[in-house]
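Colleague: Here's the letter readout for the chains.
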Amino acid sequence: MKKKLLTMLLATTMVCGLVACGGNKANNDKKDDTKSAKSDKYELALVTDMGSIDDKSFNQGAWEGVVQYAEEKNIAHQYYKPVEQSDEAYKDAIALAVKGGAKTVVCPGFLFEVPVFEMQSQYPDVNFIIIDGAPHDAGDNAPIDIKDNTLSIFYAEQQAGYLAGYAAVKDGYKNLGFMGGVAVPAVKRYGYGFVKGAEDAANELGLKDGEISVRYTYVNGFAATPEINTQASSWYKDGAELIFAAAGGAGNSVMKAAETAKAQVIGVDVDQAAESTTVISSAMKNLKKSVYDAITSIYDGKFEGGQSITLDASKEGVELPMESSKWANFTQEDYDAIYAKLANNEIDIPTDATTEDAKGLTKACKLTKVKITVE
Amino acid sequence: MDVFYFVVQQTMFFAIPLLLVAIGGMYAERSGVINIALEGIMVMGAFTGILFISEMGDSMSGQGLLILAILIAGVTGIVFSLLHAFASINMKADQTISGTALNLFAPAFVIFAARMINGVQQIPFEDTFRIPSVPVLGSIPVLGDMFFKNTYLTTYVGILLYIIAAFVISKTKFGLRLRACGEHPGAADSVGVNVGKIRYAGVIISGFLGGVGGLVFVVPTSTNFNATVAGYGFLALAVMIFGQWRSGKILGAAFFFGVMKTMASAYTSVPFLKGLGLPNDVYKMIPYIATLIVLVFTSKSSQAPRAEGIPYDKGAR
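Protein chains in written order, with this note's numbering: chain E, 1 to 375; chain B, 1001 to 1317.
Derived by calculation from the structure, the hints in this document are not laboratory data. You may find that some hints are simply not true.
[Stated by the list, open to error] Pairs of lysine to aspartate or glutamate residues, derived as DMTMM-like cross-links and limited to a Cα-Cα distance of at most 20 Å, are as follows:
| no. | chain 1 | residue 1 | chain 2 | residue 2 |
| --- | --- | --- | --- | --- |
| 1 | B | Lys1314 | B | Asp1189 |
| 2 | B | Lys1274 | E | Glu259 |
| 3 | E | Lys371 | E | Asp238 |
| 4 | E | Lys237 | B | Glu1183 |
| 5 | E | Lys237 | B | Asp1189 |
[To be verified] Not everything, but these chain B residues come out facing chain E in the computed CB check (under 8 Å):
| no. | residue |
| --- | --- |
| 6 | Asp1127 |
| 7 | Thr1128 |
| 8 | Asn1150 |
| 9 | Leu1153 |
| 10 | Thr1155 |
| 11 | Ser1222 |
| 12 | Phe1234 |
| 13 | Ser1265 |
| 14 | Thr1298 |
| 15 | Ser1302 |
| 16 | Lys1314 |
| 17 | Gly1315 |
| 18 | Ala1316 |
These numbers come from a predicted model, not from an experiment. Even for Gly, the Cβ is constructed at its ideal location relative to N, Cα and C.
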């Protein structure tokens, strides 16, 4: 009897719990609806990559762009999360978004290349914005095929990395490190630019050959772990003064190591100054603005689909957030000067197309001041 | 010598959470309940612990805050593990399935709750807990450098909890009963031991240690909590099995993993490892290759509790 009573009680609590959760959810939906529009179709959709809309990086930046436009124009918007990391799941999520009424689907991440390639033909009336990727069929050498309803946006990460490396050396740092998340094109570009920027700044300062050392590695992950903390700690212990952590959440482990070692970190993608006092600056790409601009062009009927654009300094696609940066010697004037040079395309920076791995950088950029150690 | 100290200090960050969680797993399994929910329990413990630190960070700081957070993490682990205990002891459910369910539930719940409370999924916290050098003890030559510099209170709490746990399971009446329930619950029952209660106790202890382990894992290695403990709950299970469900061997196994992982991550600072000049990936394989080799020599006699994973059925006696 006692047992039965207990079971009943538990069952009731669980049901109540569920109802409470459900109730909450309904409330939230309602709130969203009133905030956006009365229609029950979500015209603007974003399908997240691995990560969520508050990853303080890629997906978040793109989502903020969507939200900004949607709120200004009172358009219903929604994000969808694929159930797993696979082409099929990504396609399903896009299909779900379209079914939900999406006229524009934003897809942040190069993992969307194959899914968008297929969906752009399947839904010719829907506009796709793919970031950091260009649609192509599965297979390594499949040609890029961008239909008129799709816009592919790339960023000149090498320029953001360049600014970071340039500023670091100008500021007086000589022992640098680069920790990338995974050796994907965007991360490589950050790293290569960082090395080149350090070299150029060293040349301007007239430093001796080999006076700047850069340790270079990929940590093979985007999550904070003791492994990454230990690796960064060992670098700092060996004398590194500053590590550029282009590794998403794994950057937090680098920051922790920096806090212990009283050293510095350069953040990535978005302004990470709030994450830790050790973040001296961040190599940013302006995700929010570019997604906002692309959506605006769609609604204004000026959509430039069918092509791939690269947002660089000339389009204010990359930057260092100087207001929150803590440089000692690198001034706003220095920044403006180098930024203008980048914007005029006066500086040739290697990209992932230049060399497959970082060991090739020494030759590709004729490094003399910078001694690079690839690990 | 400097390198040696560094490796010892970093090893603690790997070994202590593994040790705590593996000992927790040991308590559950030696009472007869398989607990693969350790990963989920760690996530929950880390969540409430870090959330507490984050919320109270304005009015409190330092070791007092950390101790409170450890308690909160432990209590959360207990509450969460009760679900597992209820399913596997009262409902006689399949313990693997119940554990898996909790592992799936924990990160999802944590993300949901963090968004409700904080707006974003990451919970940042300010680290006021690092101890550059323990007073007095830190100035002992050699030992001071090894164990009392650049450390966290969690290391000592972890070791203290380990000592208590190891003592209780092997030297007390309760420990004996717990072990009996895992080997032959029928025999334990026949002499008047309440198998259900003992197993509840085993799971509750594993929940406490798992929750604390989650917090201990996050505090020294990141600046925020992002709904994950990177698979260390499962690694702790491996440590427990590697340690043959015996507290002494688990201690060895946890530190073995810890040292190997540290070496693999910090090889560039260790002269003789760097001198080998192997590719990065080979160093990353070291812990696993070393484990395989050790297993080859030790796996002959597995000492798993005989009754683990089997719900106790009085009628089957």
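Colleague: Taking the least C-beta to C-beta distance, is Thr1155/B closer than 8 Å to chain E?
Modeller: violated, 13 Å
Colleague: Any CB of chain E closer than 8 Å to the CB of Ser1265/B?
Modeller: With Cβ-Cβ at 4 Å, under 8 Å, it holds.
Colleague: So if I understand the rule, the pair passes when the alpha-carbon distance is 20 Å or less; does Lys237/E with Glu1183/B pass?
Modeller: violated, 49 Å
Colleague: Is the hinted pair Lys1314/B and Asp1189/B satisfied, with a Cα-Cα distance of at most 20 Å?
Modeller: holds, 8 Å
Colleague: Would you check whether Ser1302/B satisfies its interface hint, that is, whether its CB is within less than 8 Å of any CB in chain E?
Modeller: Cβ of Ser1302/B sits 29 Å from chain E, so the hint is violated.
Colleague: Restraint: Asp1127/B near chain E, CB-CB cut 8 Å. Satisfied or not?
Modeller: Result: holds, 6 Å to nearest chain E Cβ.
Colleague: Would you mind confirming whether the straight-line C-alpha gap from Lys371/E to Asp238/E stays at or under 20 Å?
Modeller: holds, 15 Å
Colleague: For the restraint on Thr1128/B, tell me whether the closest CB of chain E is nearer than 8 Å.
Modeller: violated, 11 Å
Colleague: Take the shortest C-beta to C-beta distance between Lys1314/B and chain E; is it under 8 Å?
Modeller: With Cβ-Cβ at 14 Å, over 8 Å, it is violated.
Colleague: Can the hint on Phe1234/B be confirmed by a CB-to-CB distance to chain E that is less than 8 Å?
Modeller: This interface hint is violated because 13 Å lies over the 8 Å limit.
Colleague: Would you settle whether the hint for Ala1316/B is holds or violated, based on the nearest Cβ-Cβ distance to chain E being less than 8 Å?
Modeller: With a closest approach of 20 Å, the Ala1316/B hint is violated.
Colleague: Hint check: is the beta carbon of Ser1222/B less than 8 Å from a beta carbon of chain E?
Modeller: Given a least distance of 4 Å, the restraint on Ser1222/B holds.
Hints 2, 4, 5, 7, 9, 10, 12, 14, 15, 16, 17 and 18 from the earlier list are contradicted by this structure; the remaining hints agree with it.
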